[in-house]
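Residue numbers (numbering that gives the first Met the number 0), protein chains in the order written: chain P, 0 to 118; chain E, 0 to 341.
The hints are simulated quantities; they were obtained by calculation from the structure and are not laboratory data. You may find that some hints are simply not true.
Unchecked claim - For lysine-lysine, the following DSS-like pairs were computed, each having C-alpha atoms within a straight-line distance of at most 30 Å:
(1) E:K254 - P:K81
(2) E:K22 - E:K54
(3) P:K69 - E:K254
(4) P:K81 - E:K165
What follows is each chain in one-letter form.
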Amino acid sequence: MAENNMEKFGFTISKGRQIDYESNDRRIADYIFEREPSFRLCIECGGCSATCTTGNLTNFSLRELHILIKRGENDHIMQNLKKCMLCGKCTLVCPRGVNTRNIVVLAKQAYQKAGDYAI
Amino acid sequence: MSKRVIVIGGGIAGMEAAGQLSKCGFEVSLIEKEKITGGHLNDWYKLFPDRRSSKEVKKYLDGIVLNKEIHILTDTTIEKFSKDRNHFSVTTNRGSEISADAVVVATGFDLFKSSRKEEYGYGIYDNVITSSDLEKMFRNDKIIMSNGHSPKTIGIVHCVGSRDEKVGNLYCSKLCCVTAVKQAIEIREHLPESKVFCFYMDMRMGGAHYEELYREAQEVWGVSFIRGKVSEAGETIDNRLVIKVEDTLAGRPLKMELDMLVLMAGMEMSQGGKNIASSAGLKTGENRFFAVADHHFGSNISNIEGIFYAGTCTAPMNITETISHARAAVSEVMDYLKDGRK
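If we strip away everything but chain E, and leave its shape as in the complex, we get (with noise of 0.2 Å):
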């Protein structure tokens, strides 16, 4: 009889690793929250660095997972997790009761809820808007501002819940700089008339490709960047924003006026991940994302036998290492449940 492994979280990671799972021979559950699998995927319009469609890395994804011997359990939460010596046993919200050998927890992150860094104003004026917002009303093809006119003069904020003491976030989230860099041109594309500004700390263009896009965000889009943290952003009595930075290149504080502001929401930890923390007993760390073993050689290993870790319940991670880092815990899996080990 072959072995069973439960993943938890139906997002990008947790599609890899039931579809690798699956391929290897293991009878793989596939547990969703949602009503559709695909997590974030979902709400995306198109991806950095090379603008393809989200739709794409869906499309492969279900490739992967539809139509194989994997039962995928959409609406489905977990109630309760248990562990006997090697067995694991969890209780769904639906009453039934899955039995495995093996657990990979894939439970992802939620975007950083913008209405904490309450100067902002986000929730309380109509056109500051977050990054994943803006993926929808791209989505629709319809940026518009909430008294239907397309906005002239967009401002981008990055590090919104990141890098902040304030809100409990020392982490950088690692892909906020790419984001906006990306949705900057995006909003030129689709508004060739706009004027776009993006408002840094520091530009993070960590990955390939990314610093090319910067540099063609500059040249081909003409997205200006000024360097300073916004500090608040306030309505004039016509309903246009205004936000105070200090351009900290000029050495001078700076206010402009902006018909809309788009904030750079951070990754944390999901509510769904810190669930099943508690439930089974996981660690997390001091960003509160699950605390690996060992974070050169051991990303995919939790402090529990046969609970394995994939993608961002982890650590910030874009969809490639999310992907790589699915299919490394697959391979920890196969490690465990291997003949004579087990």
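Here chain P stands alone, though its shape is the one from the complex (with noise of 0.2 Å):
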């Protein structure tokens, strides 16, 4: 346990800031992939998040929370998931036809499915 005995004498381990593709857990993803393939789609050029009401209060970013998903980081989604109001501004303007609510909607479902997640 070298890393408590370090904490011991004063030094802090920083958790590394590299998305570990290969340990992350991409079940979210897969699940939203099968039941909304337009979720394939998106090219990142945040119209969404340009147009959310939510987005322009508080940190969500609608865009930033598709591609965290599809890479595997799971923390701290959820909590943003439920910033969303479901308005469907985002499924508007999206140039690439992603249906962006049904997008939230499945993520929500896919957490609460997901033991870790679980809200």
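Mind assembling these two chains? They're in different frames, but the hints should get you there.
Pasting the structure below:
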């Protein structure tokens, strides 16, 4: 337990910033891909986030959530998802025809099913 | 007697095809709906990537079609199109009938009608203009807002009517990115005090010297590039434009006040092309441009024997590609009409 010993001497251990693609859990993403194939079409243009009322007032960004879910970076997603008011403006502006609102709904479902991230 | 060819469309592709066909000894009729030939070239100021005057290219094209044995019919549209075995016949709006052994369709493109993207406010807010409107301002050497003053902060929106499922255009128009870069430089040249911001989804600099022009825009002219699709434009109480976009690389929504917003209108199949498609029975593809027989080695060949395509009626192309494509169409016509074949 070298890490614990280090901490005894006043050092802290930072978690790496890398996205660990191998060990990340992408089951949430797979759950959405299967049920809403338009999830694959996002090109990260940010149209959704620009028009989003929630995103203009809080740190909620649908574009960012999409990419984090796809990479299996699942921490903090659930609390952010709760901020979405499902108004659907993002769906109206999306140039790729991504059903953004359904993705929020599916992501919530997936988190509820995956025990570790249950609400 | 020499074989006769009708060229439909007197833009760059049509003029090049007509000139080369005439050079090869064919009797050519060139039909153009406008009062003068030259197509979109007549509306443009300077051309990317070297920013030469569009007039130089127009002069070259005039040189190959004027004073030749080419029947140039301007202000003319086609009312009726028919094919009887290997013989083509068209009736024009002026009542004349022209017959030919082969046809080159060079009906080009129309610019996307930017008012269809209502959220950008073209036709609603005075200082929202299109790339084409800006070219006219450059030509008149007068880049001004509706109140007659020079704009200080100018935004350029890429991909207006391109890569957008909402308007039914999934394709990339390919030339708007470099047009944005060229126009950003020209704005800075005309208005040295101005600031220019380009809002892009991807910078598609896929042509000779395009990437260098992009670099020059940053390095020499200080143009700023912000990655994000503008979601909407509005107006403040004191008549300034305000846009909303996500600065996706910073990961934050951004709003900015602007004096002028320039929309990079994409390219669509022209109305003239659509008319010919229906009257002649030519097939169009999923992007509504003419469908070619083969993307690699048959891009001039249509579904009707004896009708060939030249230029942007098949897909977005720059001038270099358009001229090459028109020459290739001429080579197809020569092959089709060579002795003993027809």
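Hint by hint, here is what the structure shows:
no. : hint           : result
1   : E:K254 - P:K81 : holds, 25 Å
2   : E:K22 - E:K54  : holds, 23 Å
3   : P:K69 - E:K254 : holds, 28 Å
4   : P:K81 - E:K165 : holds, 28 Å
The structure agrees with every numbered hint stated previously.
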